Amino acid sequence: MLKTRVIPTLLWKDLGLVKGIGFDSWRRVGTVLPSIKVYNTREVDELILVDITATGEAREPDYDSVEEFCAECFVPLTVGGGISSMDHITRLLRAGADKVSINSAAYSRPTLVQEASARFGAQCIVASIDARRMPDGSLECHSHRGSRPERRHPADWAVELEKLGAGEILITSIDRDGTMLGYDLELIQELTAVVTIPVIASGGAGNYNHMLHAVRDAGASAVAAASIFHFTEQTPLEAKKHLDAHGIPVRLLA
Amino acid sequence: MNVLIIDYGMSNLGSVRRAFEECGADVSVSADPADLDQAERIVLPGVGAFPDGMAHLNAAGWPEKLRQTLANPDIHLLGICLGMQLLAAKGHENGETVGLGLIPGEVARLDPGNTKERIPHVGWNEVHFTRPHLLTDGIKDGTDFYFVHSYHFRTAVATHALASTPYCGGFSSIVCAGNVMGAQFHPEKSSRPGFQIIRNFLTC
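Keeping their order, the protein sequence lines are chains A and B. Sequential numbering of the first sequence, starting at 1009, is according to my numbering. Sequential numbering of the second sequence, starting at 4, is according to my numbering.
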C-alpha cells in the first residue's frame, strides 16, 4: 500500500535555515547542511528545500549550494525558489534535486509547467500554491512569497496546474504558516476534491493530530511541516507512529 | 567496479552519481557511447517522458552501442525509473514510441482502480519479490522503496518480473532479463534498502 508521507520543509535564506510566521518575521533556526544530514540519517520520507529569497531578489537558484546539500541527501529532495526557466530545472536536477517546485513563475508563464512536464515528466514537477484568506473569507493565490495577489482561486489554479502537467500540488496556507494552529483543512479539502494528482498539505502543523486531520479528513497524500520540527520535540517518525495508530498507512522503519 | 552512468540530458544525475559513489563504485558520467567499452556496470537513469528519452538516446547513438556491449553477459545494466521503462520494446506515453527492446514488453499508463489511487504514484510503497535474485539479496520481502511515476512496465515474459508493487492492481517494480535489470523505484533515494540494491547490482 502507498504510504502517507511526512515531509520536513527546510526554508533557506543566505545559507541559514529560517522559519517565519505568515511568510514574515523570519527567525534563524539553524544551518542547512547539518539539518539535511540529520534528516538523512533518520531516513525521512522526503524533504522540501526552498530558497525563499531567490524570486524576490530576481536571481536564479544557487546550484553550487544545492549540489553541496544534495551530496549528503539520499532521500527524495524537492528543491524550490527562483525557478523560472527550463535551464534552471536542468541544472537543479544535475545538482542533485529529484523534483522541483514551481510557484511564482507559473502565474506569469504557465507554459513553463507544461514544457517542464513534457520534458522531465509530470512526476518531477511539484506546483506550489500559496493561498491567503481575504477579509471576506474567500481564498486567493499569492506569488512572490505571499506578497503579490494573483486574482485566482487556489482550487481553480490547482485544476489548471494539473492540466498543464504538474505531478503534485504543494498547497500552503499563508495565514496558518508558522502559527502551529493546524492546517487550513477547508483549503486542502477544496483542492483534493478537484484534482487527481497528489496534494501535499502545508502551513500550520503544530501537533500530530493536525497531520492526521489533513490526511484523514481533508484527503492530503502527504503532510509538510517546518515549525513543529524546528521549535518542538516532535519528530517525523513520531508523527508517523501517530498516523499509524489511527489506521493511516505510513512507512515505519524496520 | 567501473560504473558508467549514461548522461542523455534527462536525469537526476547528481543523485544517482552520489549514491553509487557512496556504495563504493568508481563512477563516470558520460554522454559518449564510446565510453561503454570501459564499463563493467552501466546505469541508465531517467526522469522524464518516454518519447523524449528515446529521442535523446537515439540522437547520441546509444541503442546500437548498448546492444553490442550487453552481448557480453558479464556486463550488467540497471535502468532506473524511466531508464527501466526505456528497456521495453515499446512505450505508450504521448503516443507510441519504439524503446530499446532489451526486455520484451510495453510501457503503459497506470490505471487507477479507484479514486483514492492518485496518479502519479508518488511515495513509499512495498516491493514484493516474485522469486529470489542476487539483485534483491538481503532485502526483506515487502520493504518500502520510493516511487514517482505514472507509467509501468508490462513484461511480455512473466518471469522477467522480479518483484511487484500493490498499486493500480499491481505492477512490476523490478524487471530482469539476463544481464539487463531495471527498477521502477529510485534506489538512489530509498535510503538503506536502496543502497542494498545498488551494492547487490555492483557485485551480482
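Quick caveat, the hints were computed from the structure, so don't treat them as lab data. All values derive from a computational prediction rather than experimental measurement. Beta carbons are placed, not taken as given, at the ideal position from N, Cα and C, and that holds for glycine. Heads up, some of the hints might be wrong.
As the list claims (entries may be wrong) - Computed list of chain B residues with no C-beta within reach of chain A, every gap over 12 Å:
#1 Arg20
#2 Asp55
#3 Gly56
#4 Lys68
#5 His95
#6 Gly104
#7 Pro115
#8 Thr133
#9 Ser153
#10 Tyr154
#11 His189
#12 Ser194
Stated by the list, open to error - Mimicking EDC-like on lysine to aspartate or glutamate, the simulated pairs with C-alpha atoms at most 20 Å apart in a straight line are:
#13 Lys1171/A x Asp35/B
#14 Lys1045/A x Glu25/B
#15 Lys1045/A x Asp114/B
#16 Lys119/B x Asp1252/A
Comparing the hints with the structure gives:
no. : hint                 : in the structure
1   : Arg20                : violated, 8 Å
2   : Asp55                : violated, 6 Å
3   : Gly56                : violated, 9 Å
4   : Lys68                : holds, 23 Å
5   : His95                : holds, 14 Å
6   : Gly104               : holds, 21 Å
7   : Pro115               : violated, 8 Å
8   : Thr133               : holds, 18 Å
9   : Ser153               : violated, 6 Å
10  : Tyr154               : violated, 9 Å
11  : His189               : violated, 7 Å
12  : Ser194               : violated, 4 Å
13  : Lys1171/A x Asp35/B  : violated, 36 Å
14  : Lys1045/A x Glu25/B  : holds, 14 Å
15  : Lys1045/A x Asp114/B : violated, 37 Å
16  : Lys119/B x Asp1252/A : holds, 18 Å
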